[in-house]
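Asker: Sequence:
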Amino acid sequence: MTIKPPQKVAMLAHPNIPHAMEVAQEVSAYLHDEGLSAQAGSLYDQELRSAVQAGEFDLAIAFGGDGTMLRAGHLCAPVDIPLLGINIGHFGFLAELSRENWREVLPRLMAGEFRYEERMMLSACCIRDGEQQTRFDVINDVVVARGQYVRPIEVEAYLNGAYIASYVADGLIAATPTGSTAYALAAGGPILPPEIRNILLMPVAPHLSVDRAVVLSEGASVVIKVRTKHEAVVSIDGQDPVHLENGDGVRINAHKKSLFMVRFEDPGYFYRNLTAYMEKNPLISIKSNDKSNEFPKNIQ
Numbered sequence: 200m201t202i203k204p205p206q207k208v209a210m211l212a213h214p215n216i217p218h219a220m221e222v223a224q225e226v227s228a229y230l231h232d233e234g235l236s237a238q239a240g241s242l243y244d245q246e247l248r249s250a251v252q253a254g255e256f257d258l259a260i261a262f263g264g265d266g267t268m269l270r271a272g273h274l275c276a277p278v279d280i281p282l283l284g285i286n287i288g289h290f291g292f293l294a295e296l297s298r299e300n301w302r303e304v305l306p307r308l309m310a311g312e313f314r315y316e317e318r319m320m321l322s323a324c325c326i327r328d329g330e331q332q333t334r335f336d337v338i339n340d341v342v343v344a345r346g347q348y349v350r351p352i353e354v355e356a357y358l359n360g361a362y363i364a365s366y367v368a369d370g371l372i373a374a375t376p377t378g379s380t381a382y383a384l385a386a387g388g389p390i391l392p393p394e395i396r397n398i399l400l401m402p403v404a405p406h407l408s409v410d411r412a413v414v415l416s417e418g419a420s421v422v423i424k425v426r427t428k429h430e431a432v433v434s435i436d437g438q439d440p441v442h443l444e445n446g447d448g449v450r451i452n453a454h455k456k457s458l459f460m461v462r463f464e465d466p467g468y469f470y471r472n473l474t475a476y477m478e479k480n481p482l483i484s485i486k487s488n489d490k491s492n493e494f495p496k497n498i499q
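Counting from 1 along the sequence shown, just add 199 to a position and that's the residue number in the working numbering.
Certain hints may be false.
Calculated cross-link-like contacts (lysine-lysine; reagent style DSS-like; alpha-carbon spacing at most 25 Å) [unchecked claim]:
#, residue 1, residue 2
1, K456, K428
2, K207, K456
3, K455, K203
4, K203, K456
None of these hints come from the bench; they were simulated from the model.
Make the full structure from the sequences, and use the hints.
Answerer: So this is what it looks like as structure tokens:
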């Protein structure tokens, strides 16, 4: 994708995150003053979403946390609109800027002093009785897991049509390199650099089963088949789960599309930021400062 300063920008603010819309309107006014066309609105505003899906913008800016980035990415990737994140949420590992520094960095956007980071995506499709069902675009991960019952499920993994392993576990994750720093990391998986194009398979709480991650090539075709007598589900990028029945499968392949993210920092930013977040997780800091979670003093 050719680097060129944007002319028409969509501002996608998460409506449930305090100050997200306020900052979006501030950035919109700033870009208007710089001669750009900018439209600010809720991430869930149907008119604005339709305009993004029609490819009417050459840049989108998401205002929120990592969840906002993922939701905005699902809008932008199919129409090749690059995405820039301004963190207003708690974590914001995927976002490039913050509400404190955007004014000093955005002049570089108009000057074309940035790069695009191409993030691999996956395509997932549910299969029932040999028939393809719902199809999903995936930025982070596909999670096939147990449902509400606290019992492991059995899943079988197939690679390019050939059986490779069975797992008795809480679930099995198929993640992109982007998703390797999300649920897969929490499950003990390896960290993959964002620029590579591999599929990561990671079991969740395996019981007397394979407990190692498997890294597959971009061209791999993976099917995760469910063997269970109780509830199992599939969730895409942490969204609402879809119920799976015994014998159902989920086919996972590399997507033909990628998500292009705007970056101002050099490629080494990834490891610097990751180290900083792991040394001091902002979510832990928020919880530790929230006195509402403390026990009453008379409870030991």
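Asker: Evaluate each hint against the coordinates.
Answerer: A quick look at each hint next to the structure:
With a CA separation close to 36 Å, the supplied pair K456 and K428 exceeds the 25 Å bound. Under the criterion of a C-alpha separation no larger than 25 Å, the hint pairing K207 with K456 is consistent with the structure, at around 22 Å. Using a Cα cut-off of 25 Å, the hinted pair K455 and K203 holds, with the two alpha carbons roughly 23 Å apart. A hinted pair counts as satisfied when its Cα atoms are at most 25 Å apart, and K203 with K456 qualifies at roughly 20 Å.
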